[in-house]
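Student: Sequence:
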Amino acid sequence: MERPCDCAGCSPCRCSPCRCAKSEDLETPSTDASQASPSSSSSSSAASPLCGGAPASTEEKMRAFLTKHGVADFSIVQVPSHYYGISLEERRAMLNAPSIAHLCKTVVLENTKHIGVDDKLNSKYYMVVVQYIRKVNGERVKDLIKQVNADRGLKLGNKKLNFNFCRTSAELTGFVYNAITPFASKTEIPVIVDAPLLALQPPLLWLGGGEVDLKLRVSLADLMRIYDPLVGSVCFEQDEGDGEGGKGEGEADLARPAEQKGESEAAAGAKREAEA
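By my numbering, the letter at position 38 of the sequence shown is numbered 38, and the numbering carries on one by one without gaps.
Simulated from the structure, these hints should not be mistaken for laboratory data.
Be a bit skeptical, because a hint or two may be false.
Here are the simulated DSBU-like pairs of lysine-lysine, each with C-alpha atoms no more than 30 Å apart in a straight line [said to hold, decoys possible]:
| hint | residue 1 | residue 2 |
| --- | --- | --- |
| 1 | K124 | K61 |
| 2 | K146 | K113 |
| 3 | K124 | K113 |
| 4 | K186 | K113 |
| 5 | K160 | K113 |
| 6 | K142 | K160 |
| 7 | K142 | K186 |
| 8 | K124 | K186 |
| 9 | K61 | K113 |
Fair warning: this is a prediction, and the values are worked out from it, not measured in the lab.
Sequences and hints are given; from them, build the entire structure.
Tutor: Structure (structure tokens):
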């Protein structure tokens, strides 16, 4: 039985987790990196029973999903409204993450020339998990999909591949901008993990938690186990990007190499047609 929160303004009924600093269900981020450790963060527990049929909160749904899928160690942290207005280092300290490389985001991409998500090797949509210090490169995503299909004897030309940011990601996932995560998504969408994530030490990452002010810490092992993602280097290299790359989901650069070289759209299109 959970202890009712005794803070002012909180009802004894635990229909949904108290979002105050005294809550045992929802962490408040540290502003001092020495105050907490990710390994000692709040871990999984089943969602609280709902009183009177009240709808489950996003956090409750997330906890229920993680528990159902055997995630034994995770944290859900509430961050302040100015979180996206501070630097990556300040965010790292707030979450007590091991490094800024452990701060990640999920970008939903859409292949505008394809339909269906039933084939994860050739899907219309992909969730791409990348570090904030890196920026998604649409050409490299395309190259990865072409390669995994070539490995099974299926040739995909450029006529069938054109990745752009998905404008309907909120409807697909149930999560708004800066809240997207593969976990508990409304639609099961294949996942791509940017290769450098596999080298993270310790092997954990911070992602969106389903709401803009919720951040989720999970292990890399659980992400890989649950989603069996495609893995590839799908971002610009450091000298191709512009440095820190600390923008929100959907703000990464998907510029095509042809456009970067100053070629016209017509010339770039002709080149792609020839390569298809």
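Student: So, for every hint listed, does it hold in this structure?
Tutor: Outcome of the hint check:
1. Of the pairs offered as hints, the one joining K124 and K61 holds, with about 26 Å between alpha carbons and a cut-off of 30 Å not exceeded.
2. For the hint linking K146 to K113, the alpha-carbon distance of about 14 Å falls within 30 Å, and the restraint holds.
3. At roughly 8 Å between alpha-carbon atoms, K124 and K113 fall within 30 Å of each other, so this suggested pair holds.
4. Taking the CA atoms of K186 and K113, the gap is about 23 Å. The hint holds against a cut of 30 Å.
5. Using a Cα cut-off of 30 Å, the hinted pair K160 and K113 holds, with the two alpha carbons roughly 5 Å apart.
6. Taking the CA atoms of K142 and K160, the gap is about 10 Å. The hint holds against a cut of 30 Å.
7. Between K142 and K186 the alpha-carbon distance is near 25 Å, which keeps this suggested pair within the 30 Å criterion.
8. About 16 Å separates the Cα atoms of K124 and K186, which keeps this hinted pair within 30 Å; it holds.
9. Taking the CA atoms of K61 and K113, the gap is near 33 Å; set against the 30 Å cutoff, the hint is violated.
In summary, the one numbered hint that this structure violates is 9.
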